[in-house]
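Engineer: For the record, the sequence lines run as chains E and L. The opening residue of the first sequence carries number 1 in my numbering; numbering runs sequentially from there. The opening residue of the second sequence carries number 316 in my numbering; numbering runs sequentially from there.
No lab work stands behind these hints: they were computed from the structure. One or more hints might be untrue.
Here chain E is said to cover these stretches of chain L; the calculated rule only asks that three of the stretch's residues, wherever they fall, bring their Cβ under 8 Å from a Cβ of chain E [stated by the list, open to error]:
no.	segment
1	387 to 401
2	436 to 446
3	474 to 488
4	492 to 498
5	577 to 589
Between beta-carbon pairs, the in silico distance windows are [said to hold, decoys possible]:
no.	chain 1	residue 1	chain 2	residue 2	range
6	E	76	L	413	34 to 42 Å
7	L	603	E	243	44 to 52 Å
8	E	172	L	472	50 to 58 Å
9	E	132	L	377	19 to 27 Å
10	L	469	E	4	28 to 36 Å
11	L	472	E	132	50 to 58 Å
12	L	410	E	72	52 to 60 Å
13	L	413	E	229	25 to 33 Å
14	L	502	E	16	53 to 61 Å
15	E	137	L	551	46 to 54 Å
16	L	410	E	28	38 to 46 Å
17	L	633	E	105	23 to 31 Å
18	L	550	E	242	30 to 38 Å
19	L	500	E	292	22 to 30 Å
Ideal Cβ placement from N, Cα and C applies to all residues, glycine included.
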Amino acid sequence: MTIARFLATRLLAGAVVLWAAATLTFLMMHLAGGDTAIAILGGPDAMPSEAQIAKVRAEYGLDRPLVAQYGDFLLRLTQGNLGQSYRLRIPVADAIGRQLVPTIALALSAAAVSVVLAIVVAVATARPLPGRRGEARRAIASTSELILIAMPVFVIGLVLLLAFSVWLPLFPIVNGPGWRGLVLPALTMALPLAAVMSQILREGLEDVLEQPFILTARSRGLSDAGVRLRHALRHAATPVLTLAGFFLALLIGGAVITESLFARPGIGRLMVDAANAGDLPVVVGVTLLTALAYVVASILVDLIGALIDPRTVSA
Amino acid sequence: MSSLHASPDPEPLFEARSLYGFAGHLPAPFLTAGAGEIALAEPDTRVSDSVSRLAAFLKAQRLGLLLAGGFLALLLVATLAPGLLTRIDPLAADSRAAFLPPGVEHWLGTDENGRDQYARLVHGTTSSLGLGIMAMAISLGLGIVVGLIGGLGGRIADEASMRFADTMAAIPSVLFALLVITLWGANAVTVMVAIGVTTMPRYARLVRVEALKLRRAPFVEAATTLGLHRVAVVWRHILPNAVKPALLLSVIGIGDKIALAATLSFLGFGSPPPTPEWGAMLATSRNFVPFAPWLLIAPAVLITLTVLATTAVGREIIRRGEGRQA
């Protein structure tokens, strides 16, 4: 299979997943019932008149058959139209666009911190280790990883707040300006991610370090650190790369929690506020956008993997 | 590893070494570091020393498992009969007793309304554990149905069920749960169903792979040849075997689901206020962190221990289940 064909099949599979996600949300919206026209007019508390409701129904095509509405829904999505927010009275795409930058900044810093942390911990604690102190180091690392994976993200955030805002007042409790306000939220998201990554990386490293080519590298006089960083890490990194989509989902899910916990602006906060206010178009918009990000990330990662190691294409 | 419990190993030294975490490249004396000079000179005592160390190691493993199991048993007691663990009413407010630090009268201190935190945590176990177990059951049930459709149906059914699983995987659990809550409102049932549906793909994939394998297994073909009805073959022969790996994995999954339910209740989508819930308690504790840190620490430790305990017990179940299969 050529790279082009590989890419084509992956794009098609991605499109199918996106279509399925759109269909699923559409079905859920109609299963849940509730009068969309009344919701658009501000909910039953706003007491809209019959004439208003009829006008909105005609305007939004809510009086048309379900199949036609479904077609409209899909067509609008392909044009990037996610509808109008009930609460903010602006297009959902604009509402998301305004909140995109803080979330991306947070997610990127968390991703960077977690990658560095995972590499350092995994490289320093992968067997073979020199003696008992190395083993002790490994035991401490893997126990911390287990605890961090067991802790819900919001608990990690709260513990960090207690430790580094209250006991050691280094960082602001609520979202502060500049990099200081970013440290604790980014760390909250990075720690569980780093724990999962370093577990996988360490396992990969320990497999690779038993390979003959590592012995060859050692016999050429390369130091242990050199062997690990220059030769073993590259091979151990592939399984982590294939999980990039999973990590992205963890990051976005983590952003929802972290932004609410630290009162930061962003997509996650937008989502929680919208869910609280019953602002369905925003909730659906953020959900579908996340699915899109997941699909794009998975395709990119597969493509990178195929370019690095052509064997994955034929498999 | 499990063979070590049952029968004496032909090469105990080797097993002990790899179990104890020593890599083969170490020179021999390091294997018994700290064991004394005589042990180094006598190979036989070295073996027995390693064996006794192995026994100690296994004992330590058992101890952790025992603690985890005991903790889960305690949680079960708190769920079924909270009155056995505390007589204090978790809703009894007393404004004069607000923000009391942990002490003899209030073991884990009191909250902003003067309610006893220990009692609230004990009574909050029901919703957390119940939600986790129910969500797990929904997740497993859906996973079995979708997985069997994929594994036993035709090509189209297989594609459809697996694309459905892919789609669920593309939407982060928290987001999916928020979508369901926006549509159907925040209550225990919607939260349970949302968590169950969003965590289904893992089990569906597992059941599908097993069903695909079993479909071509000799004993299944024999049953079909003998004229057994298709439904009977699936019900009696395929289902019990296909479900096993997913079932083994399910205890570990309960921890994830408890964590997710607590997260939603932390975000404000749990039961309404006076009800004691771990996630909601943590959400309010945030406002009082500087002067009442115990309101944060106790529920945080409790949630973490709960997830850790289910993981430890779940892993043991998987280990034993796999051992029997092999």
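Engineer: A range of 30 to 38 Å was offered for this pair. Does it hold for the Cβ distance of residue 550 of chain L and residue 242 of chain E?
Structural biologist: holds, 37 Å
Engineer: Taking a Cβ-Cβ distance under 8 Å as contact, does the segment 436 to 446 of chain L have three or more residues in contact with chain E?
Structural biologist: This one is violated; 0 residues, fewer than the three required, reach chain E with a Cβ under 8 Å.
Engineer: Take the C-beta atom of residue 132 of chain E and the C-beta atom of residue 377 of chain L, compute their distance, and say whether it sits inside 19 to 27 Å.
Structural biologist: holds, 23 Å
Engineer: For the hint 34 to 42 Å, verify it against the beta carbon of residue 76 of chain E and that of residue 413 of chain L.
Structural biologist: violated, 53 Å
Engineer: Kindly confirm whether 22 to 30 Å is satisfied by the beta carbon distance between residue 500 of chain L and residue 292 of chain E.
Structural biologist: holds, 27 Å
Engineer: Verify this for me: three or more residues of the segment 474 to 488 of chain L with a beta carbon less than 8 Å from a beta carbon of chain E.
Structural biologist: As far as the segment 474 to 488 of chain L goes, the hint holds, because 9 residues have Cβ atoms under 8 Å from chain E.
Engineer: At a Cβ distance under 8 Å, does chain E reach at least three residues of the segment 577 to 589 of chain L?
Structural biologist: holds (count 6)
Engineer: Mind checking, does the segment 387 to 401 of chain L have 3 or more residues with a CB under 8 Å from chain E?
Structural biologist: violated (count 0)
Engineer: So the hint says 38 to 46 Å: do the beta-carbon atoms of residue 410 of chain L and residue 28 of chain E match that?
Structural biologist: holds, 44 Å
Engineer: Does the hinted range 23 to 31 Å hold for residue 633 of chain L and residue 105 of chain E at CB?
Structural biologist: violated, 40 Å
Engineer: Do the beta carbons of residue 137 of chain E and residue 551 of chain L sit within 46 to 54 Å of each other?
Structural biologist: Because 52 Å falls inside the window, the suggested range holds.
Engineer: Within 25 to 33 Å: is that where the Cβ-Cβ distance between residue 413 of chain L and residue 229 of chain E falls?
Structural biologist: Violated - the Cβ-Cβ distance for residue 413 of chain L and residue 229 of chain E, about 55 Å, lies outside 25 to 33 Å.
Hint violations for this structure: numbers 1, 2, 6, 7, 13, 14, 17, all remaining hints satisfied.
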